[in-house]
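Visitor: All chains, please: the whole structure from these sequences, using the hints.
These are the residues of each chain, in order.
There are 2 protein chains.
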Amino acid sequence: MLEEALSYATKNRERFLGELQDFLTIPSISTDPEHEADMRAAAEWVSSQLAKIGMQNVQILPTEGHPVVYGEWLGVGDSAPTVMIYGHYDVQPPDPLELWSSPPFQPAVRGDNLYGRGSADMKGQVVACLKAVESMVRNGGLPVNIKWLIEGEEEIGSEHLDSFIQKNKALLGCDFCLNADAGILGEQEPSITTGLRGLAYFELKIHGPNKDLHSGLFGGIVHNPAQALAELIAGMHDSRGKVTLPGFYNKVRKLSRKERENFAGLPLSNKLYRTQTGVSALWGEPGFTAPERLGARPTLEINGLLSGFTGTGSKTVLPAWAMAKISCRLVPDQTVKDTAAQMRAYLKHKAPKDIRWELTYLHGAGAALVSDDSPGVRAMSQAMKTVWGKTPHLLREGGSIGVVEQLQRRLRVDSLLSGFGLPDCDAHSPNEKQHLPTWYRGIETLIRFFYNLG
Amino acid sequence: MLEEALSYATKNRERFLGELQDFLTIPSISTDPEHEADMRAAAEWVSSQLAKIGMQNVQILPTEGHPVVYGEWLGVGDSAPTVMIYGHYDVQPPDPLELWSSPPFQPAVRGDNLYGRGSADMKGQVVACLKAVESMVRNGGLPVNIKWLIEGEEEIGSEHLDSFIQKNKALLGCDFCLNADAGILGEQEPSITTGLRGLAYFELKIHGPNKDLHSGLFGGIVHNPAQALAELIAGMHDSRGKVTLPGFYNKVRKLSRKERENFAGLPLSNKLYRTQTGVSALWGEPGFTAPERLGARPTLEINGLLSGFTGTGSKTVLPAWAMAKISCRLVPDQTVKDTAAQMRAYLKHKAPKDIRWELTYLHGAGAALVSDDSPGVRAMSQAMKTVWGKTPHLLREGGSIGVVEQLQRRLRVDSLLSGFGLPDCDAHSPNEKQHLPTWYRGIETLIRFFYNLG
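Line order of the protein sequences matches chains F and B. Following this note's numbering, the numbering of the first sequence begins with 415 at its first residue and continues without gaps. Following this note's numbering, the numbering of the second sequence begins with 415 at its first residue and continues without gaps.
Hints listed in this document are in silico derivations from the structure and should not be mistaken for laboratory results. Fair warning: this is a prediction, and the values are worked out from it, not measured in the lab. Note that CB positions come from ideal geometry on N, CA and C, so glycine has one too. One should not assume that every hint holds.
[Unchecked claim] Per label pair, the in silico range of CB-to-CB distance: (1) B:577 to F:447: 47 to 55 Å; (2) F:749 to B:777: 44 to 52 Å; (3) B:838 to F:450: 50 to 58 Å; (4) F:628 to B:600: 17 to 25 Å; (5) F:768 to B:513: 25 to 33 Å.
[Said to hold, decoys possible] Subject to a maximum C-alpha distance of 27 Å in a straight line, what follows is the list of computed DSSO-like cross-link-like pairs (lysine-lysine): (6) B:685 to F:656; (7) F:685 to B:625; (8) B:762 to F:656.
[Unchecked claim] Which chain B residues stay away from chain F? Per the calculated CB distances, all over 10 Å, these: (9) 416; (10) 451; (11) 599; (12) 601; (13) 690; (14) 728; (15) 765.
Guide: In structure tokens, the structure reads:
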């Protein structure tokens with residue numbers, strides 16, 4: 415049955431690719447109200463695929479925003495786990511259009527790659543899952559129970575998914591989630607993302623005089639709130655790059671030797687990061703490598719600054735207020751609550767008495783970390799090892815993914831992140847592409863993964 | 415002749431007030447292209463007044479923006495000085511209209527005050543000068559030579575006046591300028607402004623990664639330019655509020671005991687400043703009083719900050735760049751050139767090597783200070799003493815006035831600042847008003863001033 419499924423997948427590659435191309439022609443841009451009908455069309459495309467491959471209870475379920483596509487196949491019963499497959503059918507806007515070599519919604523194969531908006535992020539991954547499941551269904555059936563949660567708002571923050579999950583707890587119950595909205599580290603570098611950092615996002619506003627003042631008539635007697643803000647921000651790191659909020663590192667889980675070895679084995683060089691970012695030198699907390707700092711160490715970043723006059727030229731204003739957007743990336747076992755308290759304690763202690771500060775907590779979530787030893791990670795790791803001939807890297811990444819945190823918080827469901835985009839796939843950029851040999855390997859990997867679980 | 419002129423001014427008060435009201439009905443808002451015709455009407459109103467009171471060579475002269483009104487009376491010849499009277503016929507926009515108790519361009523007398531846009535700033539002062547000169551012309555003639563320079567762009571920065579002055583050096587030659595665009599410290603507190611601070615205005619841009627990065631995927635390995643900017647700004651003052659640019663205070667002229675006594679005698683309390691600004695406590699360089707810090711000490715102010723995401727809500731961006739508008743107010747004998755070099759030296763020394771900084775000098779001017787002993791100051795001081803029965807305060811103010819610096823730089827002409835608005839006149843705000851008893855005293859003062867010079 416496994417072998418038949420694999421052979422079916424190989425034989426049907428061209429058709430699979432054609433169906434992905436079909437899906438890619440729908441400009442399902444979730445952020446743009448003009449594409450409302452395309453969003454609907456994309457949801458219907460997914461639901462019709464689910465029905466076609468034998469899924470049951472297929473529904474397009476409303477949310478306060480774009481709908482969720484649901485489907486399930488629970489025929490194995492209690493003898494095998496229930497895996498939720500998460501994906502999204504929306505894509506990023508294609509601008510700037512003039513930088514595309516072929517039109518973003520007219521998918522085109524050039525060399526080993528399929529070009530088009532959504533080819534990698536993540537219609538390609540959704541179709542890989544659909545085709546893996548189809549291959550199994552058509553060749554003896556599924557070895558595990560499956561639920562599908564394919565949303566339409568990932569590219570705009572999954573804002574309405576949270577309440578959808580809350581309202582559909584029973585429907586969505588499962589053992590763990592396979593989140594295919596990820597990639598691997600390289601064509602020959604299979605990887606599974608097992609950890610994500612959390613987030614605590616704040617807005618800090620410093621209030622000075624009751625209106626913008628003339629910097630000549632009042633400069634020298636009033637504490638400038640932009641200066642006070644800069645001083646407060648400057649004090650949030652020490653000279654070496656460590657965060658100085660009191661107690662910030664207290665609950666940070668130490669890296670084990672095994673974890674550090676794992677980080678050291680990742681094919682992620684400082685040079686690669688320099689190339690990706692365009693900086694001349696990396697920066698950060700001393701004592702940790704770049705991948706460790708990104709995956710396993712917390713940060714405090716300034717995401718935005720605004721005060722006074724910011725147009726072209728000059729205006730001699732002493733601003734009434736200054737604002738910073740500040741966010742901390744959190745790692746196990748930090749909490750949003752602690753971090754907010756630490757930020758408040760810092761400001762209480764450090765803010766000059768002649769200004770007023772106002773800290774607003776905007777949103778956040780704790781870090782997510784799946785045990786390397788969980789059944790899902792083991793099954794995926796084994797599958798990748800079979801397909802690539804090498805054990806995949808286990809990654810802890812620096813970002814935070816809404817649905818991962820929502821599933822964790824609402825359903826206590828862990829997510830395993832695995833998809834088959836490559837680092838140079840240009841998700842969110844012009845000429846987004848899916849490397850096709852990796853995509854076919856992905857379909858094979860997914861089939862093996864489900865069999866390993868069953 | 416002095417007595418006749420004074421008596422004429424007293425007898426004609428009602429007509430003078432009527433003419434001022436007439437002038438105030440013209441909505442000469444220089445910043446608003448829809449008021450082009452009103453700007454022309456205001457210039458013509460001034461030129462026709464100049465002609466009516468016997469001025470010669472009266473012209474409306476074009477600039478690259480709104481025209482300048484010129485007129486002269488040079489009948490005394492070399493036996494007496496030539497005084498330029500500077501003023502402007504443009505006004506600030508009247509918004510927010512709903513806060514006015516009577517329409518801004520329908521001048522209304524209530525109690526001792528005349529309400530209307532421009533009543534204090536500065537059509538009231540221009541008409542005071544016109545009526546003082548008329549009173550002398552009608553009663554034996556002028557004791558000094560006079561030139562008029564009445565511009566139409568003061569409220570939008572006198573941008574085109576500089577090249578106008580440069581192109582008309584011969585026409586505008588004079589001994590000193592009486593700039594009536596000022597006020598006195600209180601109804602019973604006559605004052606003359608003898609000093610203004612200079613300015614050196616910069617834009618500092620910190621370049622980090624080559625694009626906005628995801629703060630999760632890259633936070634912790636890239637120096638955040640907003641943080642680097644904050645650190646650089648924080649280092650520009652010490653903990654007590656002194657500017658730390660190397661050499662910043664080297665050339666600052668020390669205050670003499672007499673100057674400090676003069677500052678101490680000004681009716682300017684910390685409480686007044688707190689009320690004006692709404693701050694709970696004043697701030698600034700230790701060792702100097704608030705009026706000293708404003709008038710005679712240099713500052714470094716942050717005029718604006720911009721970086722990353724500044725909208726409502728949150729965006730997890732690690733910004734590609736961060737920008738600050740930074741300006742120094744300068745005092746004698748600091749120079750713009752030195753200050754720019756000090757800023758550069760500071761940045762060269764302090765900026766982290768992993769970021770790139772870019773400093774743009776936008777504009778500036780040295781400080782202006784008229785000797786307390788100059789003929790103009792002596793003549794005005796004596797006139798005020800006669801009218802108010804007390805010696806006026808000599809003020810050094812914190813702002814910079816375009817035309818003062820332009821006349822100094824282009825013609826080596828000092829300006830004496832004297833006008834008759836009061837601190838609560840609400841220039842630039844709704845319900846702008848001119849205190850009429852002070853205005854009549856102002857006309858008398860101006861007549862005496864010219865006689866003292868003659």
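Visitor: State for each hint whether it applies.
Guide: How the hints compare with the structure:
no. : hint                       : result
1   : B:577 to F:447: 47 to 55 Å : holds (50 Å)
2   : F:749 to B:777: 44 to 52 Å : holds (50 Å)
3   : B:838 to F:450: 50 to 58 Å : holds (57 Å)
4   : F:628 to B:600: 17 to 25 Å : holds (20 Å)
5   : F:768 to B:513: 25 to 33 Å : holds (29 Å)
6   : B:685 to F:656             : violated (42 Å)
7   : F:685 to B:625             : holds (17 Å)
8   : B:762 to F:656             : holds (24 Å)
9   : 416                        : holds (36 Å)
10  : 451                        : holds (28 Å)
11  : 599                        : holds (13 Å)
12  : 601                        : holds (20 Å)
13  : 690                        : violated (8 Å)
14  : 728                        : violated (5 Å)
15  : 765                        : holds (13 Å)
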